[in-house]
Amino acid sequence: MDLETPQIAKKAHAGNFIIIRINEKGERIPLTIADYDSILGTITIVFQVVGKTTTLLSHLNEGDDILDVAGPLGNAIHIKKYENPVVVIGGGIGIAPAYPQAKELKEAGNKILTIIGARTKKLLFWKDKMASVSEELVICTDDGSEGIKGVVTEPLRKIITEKKVSLVIAIGPLLMMKYVVLTTNGSSGLPKIDTMVSLNPIMIDGTGMCGGCRYLTNTGEVYFACVDGPDVDGHTVDFDNLIKRSMRYKEQEMKSIEHYEHECKAIEKLNKNKN
Amino acid sequence: MSDKKRVSRQRMEEQNPNVRIHNFKEVPLGFTEEQAIIEADRCLQCAKPLCVEGCPVFIDIPEFIKHIKEKNFREAIDTIKNFNILPAICGRVCPQEVQCEGKCVLGKRWEPIAIGALERFVADWERNNMIKSCPECMPPNSIKVAVIGCGPASITCAADLAKYGYDVTIFEAFHTGGGVLVYGIPEFRLPKAIVADEINTLTEMGVKIHYNAIIGKIYSIQDLRDMGFKAFFIGVGAGLPMFLKVPGLKLIGVLSANEFLTRANLMKAYSFPEYDTPINVGKIVTVIGGGNVALDSARTALRLGANKVIIVYRRSEKEMPARQEEYHHAKEEGIEFQFLTNPVRFIGDENDNVIQMECIRMELGEPDESGRRRPIPIENTEFIINTNTVIIAVGTRANPVLTKSTSDLKLNKWGYIETDEDGRTNIEDIFAGGDIVTGSATVISAMGAGRKAAIEINKYLQNKK
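Sequence order for the protein chains is C and V.
Mapping of the first sequence onto the working numbering: residues 99 to 373, in sequence order.
Mapping of the second sequence onto the working numbering: residues 953 to 1417, in sequence order.
Looking at chain C on its own, in the form it has when it is part of the complex (with noise of 0.2 Å):
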């Protein structure tokens, strides 16, 4: 989806993200910016459909409005030209974020390999986009109905074993990322290689106001996503704790969309009768 907004279109870049709310009564939700336009003043968000946000996102048609969108928030991702090639991992629709995140790599001269995964072909997207971007691209699918069959760390493996790389970036599931991290931090037997992943843990604010977004560290430091990342080293991430945090609101999000669609039946009902 591309929203028209000129300021932060002018100012976006890799790494930073937008905060919406979508009406009067909506929840703040923080999305990355996936791509950005600063002549045609836009900005490009993908997003899946997971809650009442996104789903009322989801029914947006063109021309209409976003009552707040805030922006653009984070800090972008460091720009500059490493010795050895960039591996940049999307997972899902982690290949959004990722995209921008090779782009602004490969125009500071980075050579840029790229692995985009997904659970199946269904869910893949911008395919030429990444490759228009990428030295090279492999394609994996959980269930291989494209490109490889399994998960990106088995390429990921494979590149690391054949090629030095200086930089991993990996943007998916915490899941995934988790695994990425497991496999670049030196525990496999493979050499160690620094690795950013983008976190997106629940928000209000974005500005480093509420804490919510809080994330400890391996030795118990404590830093927000929103003014200390997005992009943070993975090696000194918590997963277990943040895939566990990242829950505490899922009774309440099904509740959410249960009184949303109540309410659609009943405003279909009322329509209905009165014709």
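For the record, the hints were derived by calculation from the structure and aren't laboratory data.
A virtual CB, placed ideally from N, CA and C, is assigned to each residue, including glycine.
It is possible that some hints are incorrect.
[What the hints assert, rightly or not] The calculated label-pair distances, taken between Cβ atoms and stated as ranges, are:
hint	chain 1	residue 1	chain 2	residue 2	range
1	C	100	V	1416	38 to 48 Å
2	C	355	V	1024	23 to 33 Å
3	V	1148	C	205	58 to 68 Å
[Said to hold, decoys possible] From the derived model, a few chain V residues whose C-beta atoms are all more than 12 Å from chain C:
hint	residue
4	996
5	1018
6	1146
7	1152
8	1165
9	1208
10	1226
11	1305
12	1323
13	1333
14	1354
15	1365
[Stated by the list, open to error] In silico contact screen, one side only, chain V against chain C (beta carbon under 10 Å); selected entries:
hint	residue
16	1164
17	1195
18	1223
Add chain V to chain C, keeping to what the hints say.
Frame of chain C; chain V shown alone:
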């Protein structure tokens, strides 16, 4: 004098504690006209009024009280507004017992005048009768000034600058104005309609407000200079909540008061699922801290359905920085207090949900830098509190978003902006005030800083002409 002492201090009627713990409506209902006049009549009209000295913005208190006594409510509110543009708010949230009322001569032998309640009375009188006057502004001079943040310091600064005739634009990070007045202070202590009304007055005065505009992100100060802004006031407030460095901080159910209150107040999670933002409140809620934020969190948790709410504070009742009235209300509502107690660790179940908190008893030693006696743990006094939610309300640190993007701005070692007494920073066209300068303080002191800065900004821009 003998007549005066016989009339005792008037009390505002309040919602019954058993009723109010189930709603978010305001607790004290305000003076009736009759009460206000009786209370005003108690004032001794001192020749050298100490109450004024106790007020951070030096409101002419005897003067406005005299007008109330004479039923000249219009004059009374106008008198206050010469000094304070947010009387309905300050009447409710100022810690009067350590400011104006704390200095009142009557308080030495009897009870001080209820200055806060009188201030609230005339402000409400004006608003409820819909005869609120828009402050008069000087003719527009078309000089653009940017005010960053929309809390008490910024609102005051913006209003004063508008009165001087400047073309003022406020840049606010959130989707609504008021800062801590809307995300922090709960509805039952400060109705949001009052804040909205004050913001509305600002726009009537010609102040423009850009919401969702995080300065340092969407625009830098330099961008704003390029857009023609000639001076800047930074009033972005305090930011990052502090977390205790104790084991178990990662547990689910442990959260900052900022998050808890923002969900409840700003995002209206108390109306979930009508509003989309959820909030989790366990059966037993523990709040750590002894300030207004801790009390607000505790009382909010109670209203959201907690069976039991415990406040854990490391010092004693006497050192609590919270407003007296709030402490009194919290006790009435059945909040439990564990004084001289500090958490040692949070204990979770197999799913990382917090279930218990280990605490240790404290005793008070020598006074520290803050002048309060330093709490020291007493060995072998550890004990366990069962709890399902832990809310941490032990203060905030400076928010780095804006200051990081303005690298030449001088900060102190804690990351707060360094200014002189009048709000001048090391950069000529940048002024600052409120919590981003002092660290967490009161609404009225932030307003005082906003006012001082407005005077300095005016001087600076007039000299530049």
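Practice problem: Tell me, in ascending order, the numbers of any earlier hints that this structure violates. | Solution: Hints 2, 3, 8, 9, 10, 11 and 14 contradicted; others consistent.
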